[in-house]
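Two chains, two frames, some hints: make the complex.
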Amino acid sequence: MTRYVLVRVVNGLFVLWAALTASFLVLHLVPGDPVAVMLRGAGGEGTAVDPAAADELRAELGLDQPVYRQYLEFVGDAARGEFGTSFRSGDEVTAVLGGALPATLELAGAALLLTLVVGVAAAVAASLLPTAPLRSAVLSSTVVGNALPSFWTGIILLQVFSFGLGWFPAFGAGDLSQLVLPAITLALPGIGLLTQVLGRGLRAALAEPYVRTARAKGASRARAVFVHALRNAAIPAMTLFGLMIGGIVAGAVVTETVFAREGVGRLTAEAIGTHDFPVIRALVFLAGALYVVVNLAVDLIYPRVDPRIVLRSA
Amino acid sequence: MTQESPLIALAKSPSPQSPSAQPPSAESPPDGPSSATGVPPREPTPGRRLGLGLRGLARRPLLLAAVLYLLLIAGWTLVPWLFTGQDPLATDASLSLTEPGGAHWFGTDNLGRDIYARVVHGTRVSIVAGLLAVGLSLAVGSALGLLAGYLGGWVDQVLMRVVEVLVVIPGLLLSLAVVSILGFGTTNVAIAVGVAGVPGFARVVRAEVLRIRTSTYVRAAVTSGHRTPAILVRHVLPNASPPVLVLAALDVGGAVLSVAALSFLGFGASPPAPELGAMVAQGRDYIGTAWWLTTFPGLAIALVVLSTSRVARALERSGVSS
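Each protein sequence line maps, in turn, to chains A and B.
Numbering follows numbering that gives the first Met the number 0, in which position 234 of the first sequence is assigned residue number 233; successive positions increment by one, without gaps.
Numbering follows numbering that gives the first Met the number 0, in which position 8 of the second sequence is assigned residue number 7; successive positions increment by one, without gaps.
Everything labelled a hint here was simulated from the structure, so no lab data went into it.
From the three backbone atoms N, C-alpha and C, an ideal C-beta is built for every residue, glycine too.
Computed list of chain B residues with no C-beta within reach of chain A, every gap over 10 Å:
| # | residue |
| --- | --- |
| 1 | Val139 |
| 2 | Ala142 |
| 3 | Thr186 |
Where chain B lies over chain A, by a calculated footprint (3+ residues, C-beta under 8 Å):
| # | region |
| --- | --- |
| 4 | 17-23 |
| 5 | 136-149 |
| 6 | 275-282 |
Computed list of chain A residues with no C-beta within reach of chain B, every gap over 10 Å:
| # | residue |
| --- | --- |
| 7 | Ala77 |
| 8 | Ala124 |
| 9 | Lys216 |
One chain only, chain B, in its complex shape (with noise of 0.2 Å):
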C-alpha cells in the first residue's frame, strides 16, 4: 500500500476495533459484499474461470490492456536481453542527455545511458522485489493467521496483538524502520515491504480459517484422527486460499510502489543498478532540462500498479460471480 502509497497500504489495514468492520481493500474498495477481507468468494472451476476470463476479455478493452501489458512486464523481467540489446549500465559521454528519439526510444541519461534498456531491466529489478515482498508477506502472513485463528486461545491472542500493533504503525514508516536494522539494499528493502504486508494477509488468513475450521470437513477430519499439522495444511490451507491469493495479487501493485518509493529515498539499489524508484530520484537533477528521464520510470511503475490491480480485480470478480 501504499505506498509508497502509504494510504494504500494503510487501507489495507483495517481499524483494530473499529464498531462497523469494513475495511476497504488495496486498490479496489469493496464494491460488494465480498472484499477481500469479507465474505469469502466460492471457488469456481478453472474451466469456469477460465471461460469468464476469455469472454470477459474480449469485452473489455482495458483489462485487455492491462493483462498485455503485463505479458510485456513478463517478459521484460524474465528475458530482458530480447526486448533491448543495450546495456543498461553501459556510459557513452558523446550521446549524454539525448532526447527521446529512434536510436533511443527514451533519450539517454547524463551518463549516455540508454533510458528504454534501463527501464526494462529495472522493471525487472522493481518486479522481482515486489514479488519477494508479497511472496514474504504470504508466506508469514499465512503462518501467523492459521496458527491463530486454528489453535485459538492465547496463541490467537498473543498473536493478533502483534499483529495490531504493526498496524499502528503506517506501512512506509515500519518498511523504513525495517531497512534500518537491516541495512540497505534492494532485498532489504523487498523484505522490509513484506514485513509491512504481513498484518493484512495474517488478519485475512485468520478469518477465513476460523470460517472453515467448523465446517463438517474439519470435524470429520479431526473426528477420523488426523493431526493437526495434516489437517491444516491439507484441509484448511487449501479452502482459505482463494480470498487470500486475491489479496496477494491486489498487493502486488502496492509493494512494486513502496519498494521503488524506498529506492527513491536512497534506500533500495544502488548505483549504477537500474531501479525504476532510483532512476527517478537520478533524473530529479534535470527535471528542468531532461524531462524523459523521470517521465519513462515512473509512467512503467504506475503502469505495473494500474496493470496488476485491474487483472487482481478481475480476478477477484470472476472468482465472487461464479
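The following block holds chain A by itself, in its conformation from the complex (with noise of 0.2 Å):
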C-alpha cells in the first residue's frame, strides 16, 4: 500500500513535469515570432508591431536567453510555483489567479455537490421505478443532459428564470441566489453522465445472484438497492466523478463567460484570446495537477468502498 501510494506519486511528479514542459514548448511552438503574437493580441496577422517593444518584451520574458536556460528557470520557478508575469495585466501569474479562484471554487463547489446528489437520487429513483421499460426510459432520457451545449442552456436557463420569471437575477456573482442557474448549468452535462453510468451499474449489479438471494429472503427492492447493490454499483461512478472535478475548470470557461462571472473559467477565455502565454502555462500546469491528485485520491478510496479490490503497483 505504502509502496503503491509512493510509486503513484512519482508517476503523477513525472506526468506534472512532462505537462510543464510541454507547457514550456507551448510558447516555442508558436508559429514565427510569439512576441510578435502576443504583442499583435486580438489584432490579427496585420498590425504592426513595434521592433523597440518586442526587445523589450523579449528581455522582459527571458526569451533572449539560450532555450535550455530559459527551460531550467521556468521549471526552477514552477517548482517554486511562480508562473512569471502576465502579460496582458503585467501582474504576477500567481495574484491573478489567486484573485480568481476563491469565485470559481463557489461554483464548482455547488456545481459538483449538484451533480452528485442529482446524479445519485436519479440513478437511484430510476432502479426504484417497478418496470423495466420506465427504468431505461428513465436512464436514456438524461442523454439530453449530457447532449445539450452548455453555453446553449444557460442562455435558456436566463431567458426562463431571469428575463421570464424574473426568479433570479441574470449576472453577477457573490449573493447565492446568483449562483444557481451558473451551478445548474455546470452540473448538467455532469448530472447526465453520472446518473448513466450509475443507473447502469446498479441495473447489472440487481442481475446479480446475490441480489436474486437477498430478494427471496423476503428484503423490498429499495432494500436490495440500497443495501446491496449502491456499493457495488460505486466503483465507475466514483471514477467519473473524479474525472468530472478535473474537469470543471474547463467547463468553467463556457459557463462563467455565459453569465459573465469572474473567476478562472473566464481568465482562461481572456488569455486565449489574448495570448497570454503564461497565465495560459499556468492553468494548463494547473489543471494537470487537479486531475492527478483527484486521481489519486480517488484510487485510494476504492479499497475502502470495494475490499475486494487491493491497490498494487503494476
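This is the structure:
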C-alpha cells in the first residue's frame, strides 16, 4: 500500500513535469515570433509591431536567453509556485490566479455537489421504478443532459428564469441566488453522465445472484438497491466523478463566460483571446495537477468502497 | 467530449492508472462488457448488420428519428441551397428581429438575416469542422496506437507517456491552448478539437493491436516473411477497425459540441460567417427580447449530438449482438 502510493506519487510527479515541459514548449511552438503574436494580441496578422517594444518584451520574458536556460528557469520557478507575470495585466500570474480562484471554487463546489446529489438520486430513483422499460426510459432520457451545449442551456435558463420569470438575477456573483443558474448549467452534463453510469451499474448489480438471494429472502427492492447494489455499482461512478472534478475548470470557461462571472474560467477565455501565454501555461499546469491529485485520491478510496480491490503497483 | 462538454470528453479518457480499468465511454457509458474501450465486438457480416438495422429501425421510433435527422443534416451539409433559398449573409434592416413566422421560419436577427438559412449553413460549418476533428483524432490516434501496440518496447513507453500527459489536461482546455498556438478560425478550432481527441483513439487502437498481435494470422504473416508495414496495414489495421470506428462515430457529437463551444467563446468562425456556436454568442445580446436568435442554433447543435450518439450506439450494439 505504501509502496503503491509512493509509485503513484512519483508517477504523478513525472506526468506533471511532462505537462510543465509541454506548456513550456507551447511558447516555442507558436508559428513565427511569439513576442509578435503577443504584441499583436487580438489585432491579427496585419497589426504592426514596434521593434523596440518587441525587444523589451523579449528581454522581460527571458526569451533572449538560450532555450535550455529558459527551460531550467521556468521549471525552477514553477517548482517554487511562480509562473512569471501576466502579459496582459503585468501582474504576477500567481496573484492573478489567486484572485480568480474563490469565485470559481464557489461555483465548482456548488456544481459538483449538485451533480452528486441529483445524479445519485436520479439513478437510485430510476432503479426503484417498478418496470424495466420504465427504468431504461428514465435512464436513456438523461442522455439529453450531456448532449446539450452548456453555453446554450445557460442562456435558455437565463431567458426563462431571469428574463421571463424574474426569479434569479441575470448576471454577477457573490449572492447565493446568483449562484443557482450557473451551478445548474455547469452541473447538467455531469448529472446526465453520472446518472447513466450509476444507473447502468445498479442495473447490472441488481441482476446479480446475491440480489436475487436477498430478494428471495424477503428484502424489498429498496433494500436490495440501498444495501446490496449501491456499493457494488459505486466504483465506475466514482471514477467518473473524479474525472468531473478534474474537468471542472474547463467547464467553468464556458459557464463563467455565459453568466459574466469573474473566475478562473473567465480568466482562461481572456488569456486565450489575448495570447497571454504565461497565464495559459499556469492554467494548463494547474488543471493537470488537479487531475493527478484527484485521480490518486479516488484510487486510494476504491479499497474502502470495495474491499476486493487491492492496490498494487504494476 | 466534453464540451463543449468537457465532461463528455473527459469521460472518454480513462484515468491513467485506475485499478479498475472501466472507462465510461462517450455518450454511452459501458452497458455491457463491450464498451468502446473494452472487449472488441466481433465484426458482423454487412448483410446481417443491415438486416438488423432495418428491422431495428421499424421497432425504434427514436432511432428512426435520429437517422432521419442525420439524413436532413447530410442534405444541409451537401446541398444547403436545396433547403433554403435565402442567403445566410443577406441583411435587411427593415426585417430586423422579425419573430418566427411564414416568411422566416426561425425569424431574423438584428441585421435582418434569416435565422433558418443561417442555421442550415451554420450546421454545415459545424458538421464539417466536427468531422475534420474526428478524422484528425482517428488518423493520428490510430497511427500512434498502432506503432505503440505493435512495436512495443521503448516506442510504446514513450508514446503512451505522451498520451498520458495529454489525458491529464481537460479536453476543452487542451483545445483552447492549441487554438492559442495555431490562431483563431474554424479550421484551427477543428484541429485543436482533434488534438484533444487523439489520446482516446491511441489507447483504443493500442489495446486492439495488443490483442491482434498475438493472433495466429499475424504470426503466420510474420513467419512467411512479410514486412512490418505490410502486416500493420493489411492484417492488423482492418481487424482493429470496428471498435475504433464505433468510437469515431461516438466522438462526432462531442467534437461538434467542442467546436461550437470554442466558436461561442469567439475563437472560431469570425463574423459574419454563420456558425452555430457563434450564432448563440451573437444572440446573447438579445436574450431578453428575441429568444429565437439563440434557441434555434442551440437546438440544432443538441439534436446533432443526440442523433449521432443514438445512431453510434445502435451501430455499437448491432456489432456486438450479431
